[in-house]
Amino acid sequence: DAGVTQSPTHLIKTRGQQVTLRCSPKSGHDTVSWYQQALGQGPQFIFQYYEEEERQRGNFPDRFSGHQFPNYSSELNVNALLLGDSALYLCASSVGRSVRDTQYFGPGTRLTVL
Amino acid sequence: GEDVEQSLFLSVREGDSSVINCTYTDSSSTYLYWYKQEPGAGLQLLTYIFSNMDMKQDQRLTVLLNKKDKHLSLRIADTQTGDSAIYFCAETLLDTGRRALTFGSGTRLQVQP
Chain H
1 DAGVTQSPTH LIKTRGQQVT LRCSPKSGHD TVSWYQQALG QGPQFIFQYY EEEERQRGNF
61 PDRFSGHQFP NYSSELNVNA LLLGDSALYL CASSVGRSVR DTQYFGPGTR LTVL
Chain P
1 GEDVEQSLFL SVREGDSSVI NCTYTDSSST YLYWYKQEPG AGLQLLTYIF SNMDMKQDQR
61 LTVLLNKKDK HLSLRIADTQ TGDSAIYFCA ETLLDTGRRA LTFGSGTRLQ VQP
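Those protein sequence lines, which keep their order, are chains H and P.
Last residue of the first sequence: 114 (this note's numbering), numbering continuous.
Last residue of the second sequence: 113 (this note's numbering), numbering continuous.
Please keep in mind that the hints were generated in silico from the structure rather than gathered at the bench.
All C-beta atoms in this analysis are idealised placements derived from N, C-alpha and C, irrespective of residue type, glycine included.
Hints are supplied without guarantee of correctness; some may be wrong.
To be verified - Each computed DSSO-like pair below joins lysine-lysine, with the alpha-carbon atoms no more than 30 Å apart:
id, chain 1, residue 1, chain 2, residue 2
1, P, K67, P, K56
2, P, K56, P, K36
3, P, K36, H, K13
4, P, K56, P, K68
5, H, K26, P, K68
6, H, K26, P, K36
To be verified - Some chain H residues well away from chain P (every beta-carbon gap over 12 Å; in silico):
id, residue
7, F69
8, E75
9, D101
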């Protein structure tokens, strides 16, 4: 049973560019959440997708956007990259939207903005 | 509001018990989680507890919850070098229906042989 997968594993971009990160949820999971983890800090919630819609959003600017596909996979897009966007981006999947449903994390995509 | 705090660092000897502590501020019903992160890796779910419980045990792991003090701890018995990692405490709220996890800054556990 494959767990949560993310691609790419590493990415280097320059300021002002745009980036797209991808996530495939664990088999049987239909909800995807994205988190940003800066170096030395805990993950910060970006947003959550369920039934192809953004259901909840953290304190992140509109430069951060996402999408969920019919097969439940998801993309995170970041426009106009800033140096401060350098971080590990984690995807988590779960079943349904009940708060009882545990979130399982992928290995992350490390984004470096130069 | 919600805030989760942890101590930054803990060093123990192999075979000893480790106790990692966490405090949270939200008094609403909640689930509380412990995740483990090894260098360069994602987060591995270790265990979780609902806020109406006092204790949960899972093999070498024991979670204790003091609701009055909003204090959560993770005890690892017979700590091994493979337990060296960063441990994150996280909570998610029940009554608002929110699903977002709020994480602490993590506690780095160093196990000395």
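Q) Going through the earlier hints one by one, which of them does the structure break, listed in rising order? A) 5 and 9
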